[in-house]
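Participant: Just so you know, the protein sequences line up as chains A and B, in that order.
Each residue of the first sequence is one higher than the one before, starting from 1 at the first, in this note's numbering.
Each residue of the second sequence is one higher than the one before, starting from 1 at the first, in this note's numbering.
There may be inaccurate statements among the hints.
Here are the simulated EDC-like cross-link-like pairs (lysine to aspartate or glutamate), alpha carbons at most 16 Å apart as the crow flies [to be verified]:
id, chain 1, residue 1, chain 2, residue 2
1, B, K3, A, D15
2, A, K187, A, E66
3, A, K42, B, E43
4, A, K42, B, E20
If you want the ones that stay clear, here's a sample from chain B, every Cβ over 12 Å from chain A, calculated [to be verified]:
id, residue
5, V9
6, E20
7, Q35
8, G56
9, N83
10, L99
11, G140
12, Q142
Per the computed footprint, the stretches of chain A lying under chain B, defined by three or more beta-carbons under 8 Å from a beta-carbon of chain B, are [said to hold, decoys possible]:
id, region
13, 5-17
14, 44-58
15, 259-273
Bear in mind the hints are in silico, worked out from the structure with no lab data behind them.
The structure displayed is predicted, hence computed values, not measured ones.
Note that CB positions come from ideal geometry on N, CA and C, so glycine has one too.
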Amino acid sequence: MIPGSFEYHRPATLDDAVSLLTEYGDEARVLAGGHSLLPMMKLRFAEPAHLVDLNDIDTLKGITEEQGVLHIGAMTTENELIASSLLREKCPLIPEAAELIADPQVRNRGTIGGDIAHGDPSNDHPAVMMALDADLVLRGPAGERVVPADGFYLGTYYTLLEPGEILIGIRVPVPPSGSGASYQKLKRKTGDYATAASAVCLQMEGDICRKINIALTNVGPTALKADEAMQVLAGQNINDSLVGEAVRKAMAICDPAVDLRGDVEYRTHMAGEMTRRAINLALERARGNRS
Amino acid sequence: MTKQQISFVLNGQPVEVLVEPRELLIHTLREQLHQTGSHIGCETTHCGACTVDLDGKSVKSCTVLAVQVSGREVLTVEGLAVNGELHPVQEGFMQEHGLQCGFCTPGMMMRAYRFLQENPDPSEDEIRWGMSGNLCRCTGYQNIVKAIQYAARKLQSAEGA
Ligand SMILES: Cc1cc2nc3c(=O)[nH]c(=O)nc-3n(C[C@@H](O)[C@H](O)[C@H](O)COP(=O)(O)OP(=O)(O)OC[C@H]3O[C@@H](n4cnc5c(N)ncnc54)[C@H](O)[C@@H]3O)c2cc1C
Ligand code: FES
Ligand code: FES
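The following block holds chain A by itself, in its conformation from the complex (with noise of 0.2 Å):
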């Protein structure tokens, strides 16, 4: 299995990577980790004609907090966000979440950029981003952009994202004190995709739940922000009756394909399943019962 041909450029800046995007409009592909995009290309799903590469550009890596918000690097790799003190300290979610993605090797590779821009219900930061109220800084030819993770996915490989224009950070609040946040993915072994997994981020003050988001992977064409469960949630003191209605909510949301990672009921259920972990979860460690 071997790529069609293209044609391969490295910019050393991200205004060469515009500019080439630019010039050569459909027939360019951006090329990041290339642990999915590669594959498709194997498989001849996707056949560009040119590939920008953005390796070569370091002011796409890293991670830093200005005020309060986190600035990550489209390119940086999985394998970083797991090793980085910033976010276990600042926001955990998201290194937990990597380090159920693939194996080592991938993880050395696949960008949190990439998977958020692949625009695959299978891939899991588009859920956490959700969860998180992330928003994604976009930069085209026309300059700057700055969108919401929440509304950037419009179907399935289909995003906000215009031609010529590259995803180069995300931003994320720091959760405030009081927050709690889980990432419950289930799989059918170590590396593969979900079979199910849902996002929950909460703030609790005192025994009332101020603020929720649950986010869902894999059970729809794109990553599902579940609202009616989260209004089932806020302003309540949460009881688990109150939970098994926002699961039911959760769950009614669901549209997973058939794969072989099981039918309709069986991933919707899972879906549920995930959903009611990952409140529980979050509610212990916003109570500073678990870490």
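Following the hints, put chain B with the ligands in place on chain A, whose structure we already have.
Facilitator: Chain B with the ligands in isolation, oriented as in the chain A frame:
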């Protein structure tokens, strides 16, 4: 499509080779540079038989373009032994019977080589987690874990000496 001249360091030696942009690193290594230690098991980024070290990190060379390693350093299983002396990882696989058919072994050893630098004193769980990108079709995982434990002990005692 026009070929491109690339140069990189392979097992400590500078090499130059002409590649098509679409050529995967594993094919350049095996077919152009005749380093056939790295194997092709699946071609779909799952099995890890093609694992090599790229700038000090384990990667699956069936999912890296040869043009991407221009100017970088690659280490393959051919580069593990120094002056005919086996690397402790190789010795471990021999002593603990860490192979049956041997097909997965070069990838296993290259991953183990790097893993033991990332984590010199791993628990059994950590070994299994760190090796989770490598599959053994003969399913000899128990002895592979023992081989890596052997290598860890040997490397640690060399360190201490
Ligand atoms: C064996 C295996 C198991 C895996 N398991 C999981 C898993 O469990 N969970 C998971 O989430 N993923 C999984 N993946 C996929 C993940 O590893 C990929 O790395 C990720 O989906 C894509 O990121 P990338 O950096 O490799 O992007 P690439 O493959 O380089 O690119 C993917 C797509 O996004 C576009 N793109 C990339 N970066 C940008 C950017 N900055 N701006 C605009 N467009 C961009 C590319 O043009 C391409 O269309 C797995 C992959 C393998 C091989
Ligand atoms: S041949 Fe590369 S992972 Fe199997
Ligand atoms: S020894 Fe046969 S595949 Fe591992």
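Participant: Hints first: check each against the structure and report whether it holds.
Facilitator: Going through the hints against the structure:
About 26 Å separates the Cα atoms of B/K3 and A/D15, which puts this hinted pair outside 16 Å; it is violated. Taken as a hint, the A/K187 and A/E66 pair is broken in the structure, with Cα atoms around 35 Å apart against an allowance of 16 Å. Proximity of A/K42 to B/E43 is assessed by CA-CA distance (about 9 Å); at most 16 Å being required, the pair is judged to hold. Distance check on the hinted pair: A/K42 and B/E20 sit about 14 Å apart at the alpha-carbon level, within 16 Å; holds.
The beta carbon of B/V9 sits about 18 Å from the closest Cβ of chain A, which is more than 12 Å, so the claim that it is off the interface holds. The beta carbon of B/E20 is not kept farther than 12 Å from every beta carbon of chain A, the shortest such distance being approximately 7 Å. With 12 Å as the threshold on Cβ separation, the claim that B/Q35 sits away from chain A holds: the shortest Cβ distance comes to roughly 18 Å. Taking the minimum C-beta to C-beta distance to chain A, about 10 Å, the non-interface status of B/G56 is violated against the 12 Å cut.
Separation of B/N83 from chain A is adequate, the least Cβ-Cβ distance of about 29 Å exceeding the 12 Å criterion. With a minimum CB-CB distance of about 20 Å to chain A, B/L99 clears the 12 Å threshold, and the non-interface call stands. For B/G140, the shortest C-beta to C-beta distance to chain A comes to about 17 Å, beyond the 12 Å cut-off, and the non-interface label holds. Every CB of chain A is more than 12 Å from the CB of B/Q142 (nearest about 17 Å), matching its label as outside the interface.
A stretch counts as covered by a chain when three or more of its residues have a beta carbon under 8 Å from one of that chain; for the region 5-17 of chain A and chain B the count is 5, and the coverage holds. For the region 44-58 of chain A, the stated coverage by chain B is satisfied: 3 residues place a CB nearer than 8 Å to a CB of that chain, which reaches the threshold of 3. Under a criterion of three residues with beta carbons nearer than 8 Å to beta carbons of chain B, the stated coverage of the region 259-273 of chain A fails, only 0 such residues being counted.
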